[in-house]
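Work out the full structure, taking the sequences as your base and the hints as a guide.
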Amino acid sequence: MNKKAAVIAGRLNSELIELNRVADRILKEWDKAKTSGDEYYIDAVAFNIHSFYTGLERIFQKIASGIDESMPAGSNWHHELLCRWHPKFQVLDRL
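In terms of UniProt numbering, the sequence shown has 61 at position 61, counting the first letter as 1, and numbering is strictly consecutive.
Keep in mind the hints are simulated off the structure, nothing from the lab. Hints are not guaranteed to be accurate.
To be verified - EDC-like, lysine to aspartate or glutamate: derived pairs with alpha carbons at most 16 Å apart:
id, residue 1, residue 2
1, Lys28, Glu39
2, Lys4, Glu69
3, Lys28, Asp43
4, Lys62, Asp24
If you want it as structure tokens, here you go:
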């Protein structure tokens, strides 16, 4: 593995470790929500689901910047980033 790929892999690994932590928090808070009925746990689950999603975005950004050496711009950059790697998303846009 070349140096650039090793750096990217290390950064991605750090993000994956954090995603696992967030997923664990989601599961713990969900269990608490089911047993207590307290809406604050539902709020915590929602917050952590959002954190998980933004963690995935960071991974995609690191891949785009590191491998493709470019990031989509504009208000639709999230969607363009996904479409860059998965042609099925482009087909769904046309439906």
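Evaluated hints:
no., hint, verdict
1, Lys28 <-> Glu39, "14 Å, holds"
2, Lys4 <-> Glu69, "11 Å, holds"
3, Lys28 <-> Asp43, "13 Å, holds"
4, Lys62 <-> Asp24, "23 Å, violated"
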